[in-house]
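J.: Take a look at the letters that make up each chain.
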Amino acid sequence: MNLKKIKLTNEVKAWLAFVVLAFVGSGVAAIYGANFLEVLRVIFGVVYVLFLPGYVIVRCFFEELDWIERFAVSFGLSIAVVVLAVIIANLVFKIPITPVTNFLIILAAMVITLLAKFVSKNKPWKSLKKKHK
Amino acid sequence: MNWKTTIPLVLILSCVFLVNLSQHIASGLPIHVDAWIEVSLADAITKQRSIPSTEPFSHTKLNDPIGNPVFQAAFSELTGLNLLHGATLLPALLNTILALLLYAVSMQLFNNKHTALAVAGFTPLILSQITMLGPFYLVNLCFGMVLVLLYFWFILRQEFGLAMLTFIAIGVTHRSTMVFALIATVLYFLFNKKLWNKLLYLGMMVVLSIIVFGAISGYGLLLSILREFMMFGKSWPYFQYINMLGSLFLALLALGLYLIILNEPKARRFLVPLLGFMALDMFLYWSWRGFFLVYRRLISFIFLLTPFFVGYAVAAVAARFKRYSYLVLVLLLIVLMPLAIKQNIRAITPLQVYITNEEHELFTNFGKANPGVAVLTDHLEAYALPYYNLTPISLSPGHGVNSSFYNEVGLCYMAGDLDCIAGFLNRTGFSYLYVGRNISRAYLKPTYTAAGKTIYWFNKSIYQKIYNTE
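So the protein sequences, as listed, match chains R and Y. Under this note's numbering, read the first sequence as residues 1 to 133, first letter to last. Under this note's numbering, read the second sequence as residues 1 to 470, first letter to last.
Bound-form chain R, shown alone:
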């Protein structure tokens, strides 16, 4: 694989910068007596709960937005998605609310979004219709 051929978009660069900054920030906090892994968990936890679920929806269905609007909507939408996903999982499917299940519930919400995007992009029902005709 030729690594030179891999294109780094601004978005990928931003994510890489975030990961590097998260590690550097945790390292600096560790120098001042904090637990490195705990700080890292806080940073990634905040992003995972407060940003990522909404970001996946926005990235899938609102491609034309500029980065500020994308960020704004991602944050707001994450709150809505986390609240609804956890409530539905617990009240409807009786899934207990624990750190692991919360992680998986949010992950499932993101996977469902990606599947919805895949389905809406490929529109398999159209090909089925054609075959039927």
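Errors might be hidden in some of the hints.
Using C-beta positions, here's what the derived DEER-type ranges look like [unchecked claim]:
(1) 28/R - 54/Y: 42 to 48 Å
(2) 10/Y - 111/R: 28 to 34 Å
(3) 63/R - 321/Y: 32 to 38 Å
(4) 59/R - 164/Y: 16 to 22 Å
Keep in mind that the hints were calculated from the coordinates and are not lab data. It should be emphasised that the depicted structure is a prediction, and the values quoted were computed from it without experimental measurement. All C-beta atoms, glycine included, are put in the ideal place defined by N, C-alpha and C.
For this one, chain R is given, so just place chain Y on it according to the hints.
T.: What follows is chain Y alone, placed relative to chain R:
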């Protein structure tokens, strides 16, 4: 990436975040009883590992929306921060998200980055007054404000599917926000002829809000609100919007309103009728007439609309300077944003600290040593006790709790009448008492002291000997 917008916006967001955080970080504890209620509910969720059907205070039916505590519980579990640290960090994060969403909604309304920047800059004008709460406190309204802006963004883009999803999230998070969102939608549909073919969607919203409202609070509450709406029952005014906003921002709001009516067709159809409705609401409020529950909570949303008008006015003034418009806008923001922050900080004082750091230490240690024990405290402090594994006795009746001993002992406690309190303890069989000061009575024995604060144990036999009662 447009650095001309990005750099000032990042500075605005940092400012909003740090100002809010600085207010919370001093104590590191929730500073209002409503925030303590949400923390206690979130704590109950994490302990039970499920959404409880009863509240943890008097163990009667839970009538509060659960969105906020569910989010707090998930946030706490995934970040590893305890709920109290979360309660310090989350208001600042939510306020910053509010600023970002004000920017995003402004882009949809005005399609101008400078105006959107100015609107985001006036986020501090979303004032937090103690009885009306607001984004300074970690309460349901704070989540509601974030979600309703997101909802507006979807409505303005006519993304009705995601708007409906957000509306349901609003419904399970904050009732008054749901009513506000519904009113905003009805007015937008009414003044926007192009949307009249989407009336089915509006009908679905009405049905959905009735279902969600009834499922959370019961239909009795809905009927009582409707009855109060018809009857115009009296309610006491809690704040004066004009005094709180200040004459400078009021003048800018009026200018913004005038300019939006003249120049912005999309915003004119959306913001102006909504502001008109809120103004009518405030007029009824000032004349002490209006439906109580939703009504006085609804008025907080006039603060959410304020930045749009003030920001538009400031951006329009800056635009008059043509070549230097950007520079003038930045200068105006540098001058006016601190004034807006000052208005906000003035509005949130005096802070209502219900649990001090010393009391936190006392209750933490006592709760660990005596889990589940009932302690008689102040009727507002009592809402923090479930977090410390303690059982509250006298609870404020104004916070959705159905039964407590407030009527029997609340007034004795507030008057500091120890004999009256002792009489209550003698009658009911409760043993532990915390009054926040050192007391000396033969029948009250200091049983646990931490950080200079003491919990007393009531000696029933000595009391009965002294007063010759059984």
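J.: Now look at each hint and say whether the structure bears it out.
T.: Each hint, compared with the structure:
{"no.": "1", "hint": "28/R - 54/Y: 42 to 48 Å", "in the structure": "45 Å, holds"}
{"no.": "2", "hint": "10/Y - 111/R: 28 to 34 Å", "in the structure": "32 Å, holds"}
{"no.": "3", "hint": "63/R - 321/Y: 32 to 38 Å", "in the structure": "36 Å, holds"}
{"no.": "4", "hint": "59/R - 164/Y: 16 to 22 Å", "in the structure": "21 Å, holds"}
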